[in-house]
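Enquirer: Those sequence lines, one after another, are chains A and B.
Per numbering that gives the first Met the number 0, the first sequence starts with residue 0, numbered consecutively.
Per numbering that gives the first Met the number 0, the second sequence starts with residue 0, numbered consecutively.
Calculated from the structure, these hints are not laboratory results.
Just so you know, these numbers come straight off a predicted model, no measurement behind them.
Each statement offered as a hint is correct.
Looking from chain A toward chain B, a few residues come up when the C-beta cut is under 8 Å (computed):
#	residue
1	Ile97
2	Arg130
3	Ala135
4	Pro138
5	Cys139
6	Thr257
7	His263
8	Ile265
9	Asp272
10	Glu276
11	Ser280
12	Val281
13	Phe304
14	Ala313
All C-beta atoms in this analysis are idealised placements derived from N, C-alpha and C, irrespective of residue type, glycine included.
Protein chains: 2
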Amino acid sequence: MIKIGILGYGNLGRGVEAAVKMNSDLELVAVYTRRDPASLKINTEGVEVRPVALLEEGKEEIDVLVICGGSATDLPEMTPKFASLYNVIDSFDTHARIPEHFANVDAAAKKAGKIGIISAGWDPGMFSLNRVYADAVLPCGKAYTFWGKGVSQGHSDAVRRIEGVKDARQYTIPVEAAVDAVRSGSQPELTTRQKHTRLCYVVAEEGADKAAIEKAIVTMPNYFDEYDTTVEFITEEEMKRDHSGLPHGGMVIHSGVTSEGTKHVIEYSLKLDSNPEFTGSVLAACARAAYRMNQEGVCGAKTLFDIAPAYLSAHSADELRAHFL
Amino acid sequence: MIKIGILGYGNLGRGVEAAVKMNSDLELVAVYTRRDPASLKINTEGVEVRPVALLEEGKEEIDVLVICGGSATDLPEMTPKFASLYNVIDSFDTHARIPEHFANVDAAAKKAGKIGIISAGWDPGMFSLNRVYADAVLPCGKAYTFWGKGVSQGHSDAVRRIEGVKDARQYTIPVEAAVDAVRSGSQPELTTRQKHTRLCYVVAEEGADKAAIEKAIVTMPNYFDEYDTTVEFITEEEMKRDHSGLPHGGMVIHSGVTSEGTKHVIEYSLKLDSNPEFTGSVLAACARAAYRMNQEGVCGAKTLFDIAPAYLSAHSADELRAHFL
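Isolated chain A, as found in the complex (with noise of 0.2 Å):
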């Protein structure tokens, strides 16, 4: 059994308690927090909850230690803190500064022969492994990627915060019609407000200006001022009803030629009803190889681009080669 320890309760630590239950190999030892963890009631039972300084002393009895938190502040901190002290795992999906919050993870898990594993999840993650895939079989082409129909927490936020506004969802939905132009291999220029529309779901605080929420949404700069913006009011209890999953997915398409006139489309989609679910199970799957490649001997920072396959698998290399190739 692979000892694993989560930091973070949020819905992504949620996700990983999840995904731990899956997987015969992993066992769940802890749910770290820096709430007081008599507050914390988590799903699984017989699991402690403990605060996270414990952590800190490094001397947890745990494996894998998965780190839920932020790409703003939470990550860039702790995932090279705790690599220092565990093999680790993150999410961290601040793309630019990917280079440094690897090099920072790469320097601390080496120092104390640890692996941590950066970015994982499904973009930064499995997209990312489809766009590197497609790359290296048809170089001669071009990705394109497509997020929704699906919740975006981050744009959910942002309308949460307009005067107002009791409640939002945000959801992203591509645009059937690059879909399908993407899909045909005809490899078209895209501009953004091309590729996704928005919609927002929207309860206003009662005798709001709804005219004005609406202006104040579509109008954003950078969240929704590139992109057509439909805002619907709807009640509390339609939001309840009708709005409290997160569902995800979207697809990566790679098109190319390998001689003239000789096209191939390559794609790669993901329908989730939980996107923290999702998530979570890919870094599950992260920490099985984690654990193993450490074993090895292998330390310092890693991503999916590093790993070989077999690593993320409960099979053996006979069983992946006899049934799954």
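Go by the hints and put chain B onto chain A.
Expert: Using the frame of chain A, we list chain B on its own:
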């Protein structure tokens, strides 16, 4: 530059040749053939065609030999033989004999300090990878593989052997309703007949008994008897005009749960204008990986399961993290 040799110049050999041209770090050094080299006209100027006997001396200046032979008799003999002299790649696809083939190549390659990557291509190959990744992430799930629409060369050959058949082309076609059911995540039980249909275009010899040909096809054991098969008789001109390519493709669809009622669907699909050129492109990427891994001292038999994706890519690890993650 990684120096590539191609052994065998049929459809697949030409596919590898085309792929090498798409990769600026790969260089075709020679094509090796069992035929009279003078009789072979290849598509790359300035590259020599040499007799296979030269390879046997073990002195050819190539980094990787891509062996483009048949799985029935060529590869079981050739791959272990040449793995004792060079890094080699093959596309061995007789599923039941993979463990035996792997063991033979492993012994030869390890003794020589070389790498032998076997069973590369798209199935086995890219489809196998996707079965493993999906199962690792969603172990409580089930994968379905569909092939087509595309030309099955084995089935086309089987039809050609029937008396009165001058030429034939067999298309394997996934059943749309089955694909839709799988995509829904409902994990249906599907029989062979429910998953694929077969469509044969046949040019009959003059005066041949078409009813007898059709009966011989649809009742042929192993090849057709378990499928709904349609036979269409066409002219030689129609065959040449409409069916001279070797398109193929298909998809691996894996659906699984991460908690009660929370479903996810992962789909990987290929639409290929040319089966041998795409297969050749996978072999070319594997040649790069074989060379690099061997430079690091790795030897023995490998499959795509054992290869970290970064080894397949022409880009550096830094570039991959900055642009693909």
